[in-house]
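Engineer: Note that the UniProt record's numbering has the sequence shown beginning at 1, numbered continuously upward.
Don't take every hint at face value.
As the list claims (entries may be wrong) - Calculated lysine-lysine pairs in the DSBU-like style (CA-CA distance at most 35 Å, straight line):
no.	residue 1	residue 2
1	K121	K149
2	K24	K51
3	K24	K121
4	K149	K51
5	K149	K24
6	K121	K47
7	K47	K24
8	K47	K125
9	K51	K121
10	K153	K121
11	K47	K149
12	K153	K51
13	K51	K125
14	K153	K24
Don't read these hints as lab results, they were simulated from the structure.
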Amino acid sequence: MSRLSERAFAEMVEAGCPACGGQKLNLRSYVDGLVPLMEGEPVGPVKWVYKGEMFVDGLYEITCGACQHLVFTDDRCPRCHAEGGLARGLTTTNAYAVPERCSRCEHIEVRYIAFVPMRVKYEGKRADRAQTSVELHDPGFHGYRVDCKDCGKIAERADACPICESPAPIRARFS
1 MSRLSERAFA
11 EMVEAGCPAC
21 GGQKLNLRSY
31 VDGLVPLMEG
41 EPVGPVKWVY
51 KGEMFVDGLY
61 EITCGACQHL
71 VFTDDRCPRC
81 HAEGGLARGL
91 TTTNAYAVPE
101 RCSRCEHIEV
111 RYIAFVPMRV
121 KYEGKRADRA
131 QTSVELHDPG
141 FHGYRVDCKD
151 CGKIAERADA
161 CPICESPAPI
171 RARFS
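All chains, please: the whole structure from these sequences, using the hints.
Structural biologist: Quick look at the structure:
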């Protein structure tokens, strides 16, 4: 669980900026994204595959869109909550192998699921679409699972935290 409960998050965004009273907030979170691959190369943009509670769980920064006041910050890893893990995650590259094909059926198309930092502009009850500037081989993109269209889930990382590399086991996560 994030340092913010879902209720605390809802209250915070409803209240807006405590410095200027602005209602436009910039939210940053680490969430699950799926990248379709063919022979190990991306063939489409990140598709967001997270649920609302996962957004709050991965939340690491809220700033005011008007005055840039820092409303909330958490420097722990958004996945395992290791102290200082956020900085490691945002500045390191992916340690989970990007497959060229399914290890079971040899199909060349797989879905690669990763934790990806994203940002959302929020105003009142309305949020813009999630955006990221991070791609497959960029720092901050951290894979943890591979799915095959034919076989289903074929591999998932369990040896360490995908974001900050803290040793396993890591805390349970919403399903």
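Engineer: Hint by hint, note whether the structure agrees.
Structural biologist: So, going through the hints one by one against the coordinates:
The suggested pairing of K121 with K149 holds, with an alpha-carbon distance near 33 Å, which does not exceed 35 Å. Distance restraint check for K24 and K51: the Cα-Cα separation of roughly 22 Å lies within the 35 Å cut-off, and the hinted pair is therefore satisfied. Our distance criterion of 35 Å between C-alpha atoms is met by K24 and K121, whose separation comes to about 7 Å. Note on K149 and K51: the hinted pairing holds, with a Cα-Cα distance of about 21 Å set against a maximum of 35 Å.
Restraint check for K149 and K24: not satisfied, since their Cα atoms lie roughly 40 Å apart, outside the 35 Å limit. The straight-line distance between the Cα atoms of K121 and K47 is roughly 18 Å, inside the 35 Å bound, and the hint therefore holds. A distance of roughly 25 Å separates the Cα atoms of K47 and K24; the hinted pair therefore holds under the 35 Å criterion. For the hint pairing K47 with K125, the CA-to-CA distance comes to about 23 Å; that is within 35 Å, so the pair holds.
Between K51 and K121 the CA atoms are separated by roughly 17 Å; this keeps the pair inside 35 Å, and the hint holds. Between K153 and K121 the CA atoms are separated by roughly 33 Å; this keeps the pair inside 35 Å, and the hint holds. Distance restraint check for K47 and K149: the Cα-Cα separation of roughly 15 Å lies within the 35 Å cut-off, and the hinted pair is therefore satisfied. Annotation: proposed proximity of K153 to K51 holds, straight-line Cα distance about 19 Å (limit 35 Å).
Restraint check for K51 and K125: satisfied, since their Cα atoms lie roughly 17 Å apart, inside the 35 Å limit. Distance restraint check for K153 and K24: the Cα-Cα separation of roughly 39 Å exceeds the 35 Å cut-off, and the hinted pair is therefore not satisfied.
Consistency note: the structure conflicts with the earlier hints numbered 5, 14.
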